[in-house]
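Participant: Here's the letter readout for the chains.
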Amino acid sequence: MTEPNDKSRRGFLGAAAVGAAGLGVAAIAPGLHLIEVSQASAPSQGASSKVRWGMLIDTTKCASGCDACVKACNTENGINEVLKDPRQASQWIRKIDLKDPKSGIAHSLPMMCQHCEHPPCVDVCPTGASMKRADGIVLVDRHTCIGCRYCMLACPYKARSFVHMTLTEQNPEVPRGQGCVESCTFCVQRVDKGQIPACVEACANAEHNAMLFGDLNDLNSAIAQRVAQVKTTQVRADLKLNVGVRYQGI
Amino acid sequence: MMIQQQTKTDDGAFYFALAVGGLISAIGVAAALYMEIMGHQVSGMNNQVFWGLPHVFGIFLIVAASGVLNVASIGSVFGKKAYKPRGPLSGLLAIVLLAAGLAIIMLDLGRADRVIIAATHVNLTSVFGWNMILYPVFFGLVGLYVWTLMDRSKNQYSKTVGTAAFIWRLVMTTGTGSIFGFIIARQAYQSAILAPMFIILSFAWGLAIFLIVQEIMYARSKMELHPQLRARMKNLLGVFIGAVLYFVAVYHLTNVYYAKQFEFTHFILVSGGIFPLLFWGGFVLLGSVVPLLLLYAPGFNENKGSVTAASYLTIAGGLFLLFVFIIGGQAYPLDMFPGMQVTSSFFDGKVDSYTPSLPEILLSVGGFAIAFTMTLVGVRVLRFMPQDDVAKLQSAGYLHD
Chain A
0 MTEPNDKSRR
10 GFLGAAAVGA
20 AGLGVAAIAP
30 GLHLIEVSQA
40 SAPSQGASSK
50 VRWGMLIDTT
60 KCASGCDACV
70 KACNTENGIN
80 EVLKDPRQAS
90 QWIRKIDLKD
100 PKSGIAHSLP
110 MMCQHCEHPP
120 CVDVCPTGAS
130 MKRADGIVLV
140 DRHTCIGCRY
150 CMLACPYKAR
160 SFVHMTLTEQ
170 NPEVPRGQGC
180 VESCTFCVQR
190 VDKGQIPACV
200 EACANAEHNA
210 MLFGDLNDLN
220 SAIAQRVAQV
230 KTTQVRADLK
240 LNVGVRYQGI
Chain B
0 MMIQQQTKTD
10 DGAFYFALAV
20 GGLISAIGVA
30 AALYMEIMGH
40 QVSGMNNQVF
50 WGLPHVFGIF
60 LIVAASGVLN
70 VASIGSVFGK
80 KAYKPRGPLS
90 GLLAIVLLAA
100 GLAIIMLDLG
110 RADRVIIAAT
120 HVNLTSVFGW
130 NMILYPVFFG
140 LVGLYVWTLM
150 DRSKNQYSKT
160 VGTAAFIWRL
170 VMTTGTGSIF
180 GFIIARQAYQ
190 SAILAPMFII
200 LSFAWGLAIF
210 LIVQEIMYAR
220 SKMELHPQLR
230 ARMKNLLGVF
240 IGAVLYFVAV
250 YHLTNVYYAK
260 QFEFTHFILV
270 SGGIFPLLFW
280 GGFVLLGSVV
290 PLLLLYAPGF
300 NENKGSVTAA
310 SYLTIAGGLF
320 LLFVFIIGGQ
330 AYPLDMFPGM
340 QVTSSFFDGK
350 VDSYTPSLPE
360 ILLSVGGFAI
370 AFTMTLVGVR
380 VLRFMPQDDV
390 AKLQSAGYLH
400 D
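Chains A and B, in that order, give the protein sequences.
For the first sequence, numbering that gives the first Met the number 0 begins at 0 and goes up steadily by one.
For the second sequence, numbering that gives the first Met the number 0 begins at 0 and goes up steadily by one.
There's no promise every hint is true.
Claimed, not checked - PhoX-like, lysine-lysine: derived pairs with alpha carbons at most 25 Å apart:
hint : chain 1 : residue 1 : chain 2 : residue 2
1    : A       : Lys70     : A       : Lys192
2    : B       : Lys349    : A       : Lys98
3    : A       : Lys70     : B       : Lys303
4    : B       : Lys153    : B       : Lys391
5    : A       : Lys83     : A       : Lys131
6    : B       : Lys303    : B       : Lys79
7    : B       : Lys83     : B       : Lys153
8    : A       : Lys83     : B       : Lys79
9    : B       : Lys221    : B       : Lys153
10   : A       : Lys101    : A       : Lys70
11   : B       : Lys79     : A       : Lys101
12   : A       : Lys230    : A       : Lys83
13   : B       : Lys259    : A       : Lys239
14   : B       : Lys158    : B       : Lys303
15   : B       : Lys259    : A       : Lys101
16   : A       : Lys60     : A       : Lys131
17   : B       : Lys349    : B       : Lys80
18   : B       : Lys80     : A       : Lys98
19   : B       : Lys79     : B       : Lys153
Note that these hints are calculated values from the structure, not bench results.
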């Protein structure tokens, strides 16, 4: 058999090895740490599994054309960026208008992360950034999300947005970031202080009172009592995700 | 003994090809860096179609990586002697295609700098999480397999390692199909048939790539592939193309009749604008029917050029199919309120459109260039050229079995 190109092959390998070594030296400089430990402080009190935060939306009270909840969400969570293509903009909560083509009956309702008990986004997340707190709030850890968007493929509610640009003027309590996926947090920064989500407050201020927030596990809570009394709907109930957001009137 | 031998290759041509491949790869990486800095606002992707052209090209390469290993498996696992000399090249291509496909997917991440988090976190309910195990083990097993094939002192282990690699590649492509198969939210996906369908897709795409690389290597070395060997391999490609058509047909039939996704299937196959056009014109006609004609029609079927053209068309058809599957599956709106007309500021109820931007195209093409460049270097530094002892194969009847 012939021995083709042995000399040139060795020459090529030698040159490649020198090049690779050079790159390596350049990359590892004194004082440069590849990994640094984050020094965040631990929260004093964790979320309780005794609580299941939920929301009940009465679509008979929700006014078509009113977007007070959307505006309040954007203000509270610092969603203020402007993109050339509106399809690339983040929408944590949006108003959906429904119309039954047969009867002509119309509904208007806010749609956001449904805070599933069995969230498909958490199932598919390769890094654990998508997570469910003990109290049922589904969140994305903005610091460990790699922006693969697999959770967006898995979410049946189109509830998640991908941040398409660099952000400025953020709310310090609501970290967001370019290249990460995000969604409604039930205003966790407010809930942990004993307040209600901004959208619910805005709906009440607009005198619609279509949104009720509370602990679904607490039988004495207004939301638990309403859910027990009236017929409520889970969107895509066929998926058996046991969502935290229920709708009344659809 | 008549062994076709590798001849001296042209240094100038090699370095020229290396420079071109390297340059296109570098442009692809630069395009990804640009998207990383500017954000995905410079892509054609949005919050409805968030997996775009890079995913089409990346997933194509990852699926083909598994399929191209088939050539080695047929030789050492199933004992077909005509395929044995092709084992090392098959293994090299498997490694190279997987690396290139992963490069595209990783470079498209919103935070590519954090990929180490995915590699060090285990979430077994995530198919992406499985992949963090499936891909590295595939690299390791195939690397070991190539070693046992190329080092004569380790040849005795090649069947064992080859069998492990063969099983692993089936598991890996089951995983790739399941990326979509386990998605309960969308009409296009959630189907058990996607796992076997992706395996058969890998067979066709991997073999098509192998045949092209083999022809180029033979042409560059001024060698001639024995016509009977070419005939065997082109017949196998024909069978795979037919099997792909069968699986894709059954996938759509189950969607219509079993899963009752009539409206979605109508959109993809009839009314969805670019998607039916790419499906019927791109995948079915150009990517399947024409290759089958080139492989089997009298007058074409013995022609070297026909087999190569059929292979290129099979690859193009695969890309068209994945485009329709991945982009079309997202462009069609989620059906949250069955039977209702839906409108919103977030484009609920609306079919979305997607046009890839230049950085996405450069990244996608760059991924193919990475595969090309790695293959070029691989076949240069080690002896991957399939060399046949034609007389021995012929006398033993191995050209026909």
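Participant: Would you mind marking each hint as holding or not holding in the structure?
Facilitator: Evaluated hints:
1. A hinted pair counts as satisfied when its Cα atoms are at most 25 Å apart, and A/Lys70 with A/Lys192 qualifies at roughly 21 Å.
2. Using a Cα cut-off of 25 Å, the hinted pair B/Lys349 and A/Lys98 holds, with the two alpha carbons roughly 14 Å apart.
3. Taken as a hint, the A/Lys70 and B/Lys303 pair is broken in the structure, with Cα atoms around 65 Å apart against an allowance of 25 Å.
4. For a cut-off of 25 Å, the pair hint linking B/Lys153 to B/Lys391 stands: about 23 Å separates their Cα positions.
5. For the proposed pair A/Lys83 and A/Lys131, the alpha carbon gap of about 33 Å is over 25 Å, so the pair is violated.
6. Between B/Lys303 and B/Lys79 the CA atoms are separated by roughly 22 Å; this keeps the pair inside 25 Å, and the hint holds.
7. About 15 Å separates the Cα atoms of B/Lys83 and B/Lys153, which keeps this hinted pair within 25 Å; it holds.
8. About 58 Å separates the Cα atoms of A/Lys83 and B/Lys79, which puts this hinted pair outside 25 Å; it is violated.
9. Between B/Lys221 and B/Lys153 the alpha-carbon distance is near 31 Å, which puts this suggested pair outside the 25 Å criterion.
10. Taking the CA atoms of A/Lys101 and A/Lys70, the gap is about 32 Å. The hint is violated against a cut of 25 Å.
11. With a C-alpha separation of about 64 Å, the suggested pairing of B/Lys79 with A/Lys101 is violated against the 25 Å cut-off.
12. A hinted pair counts as satisfied when its Cα atoms are at most 25 Å apart, and A/Lys230 with A/Lys83 does not qualify at roughly 42 Å.
13. Between B/Lys259 and A/Lys239 the alpha-carbon distance is near 19 Å, which keeps this suggested pair within the 25 Å criterion.
14. For the given pair, B/Lys158 sits about 31 Å from B/Lys303 by alpha-carbon distance, which is inconsistent with the 25 Å threshold.
15. For the proposed pair B/Lys259 and A/Lys101, the alpha carbon gap of about 21 Å is at most 25 Å, so the pair holds.
16. The suggested pairing of A/Lys60 with A/Lys131 is violated, with an alpha-carbon distance near 30 Å, which exceeds 25 Å.
17. Straight-line distance between C-alpha atoms of B/Lys349 and B/Lys80 comes to about 55 Å, which puts the hinted pair past the 25 Å bound.
18. In summary, the hint linking B/Lys80 to A/Lys98 is not supported, as the alpha carbons are separated by about 66 Å, beyond the 25 Å threshold.
19. A distance of roughly 19 Å separates the Cα atoms of B/Lys79 and B/Lys153; the hinted pair therefore holds under the 25 Å criterion.
Hints 3, 5, 8, 9, 10, 11, 12, 14, 16, 17 and 18 from the list above are not met by this structure, while the remaining hints are.
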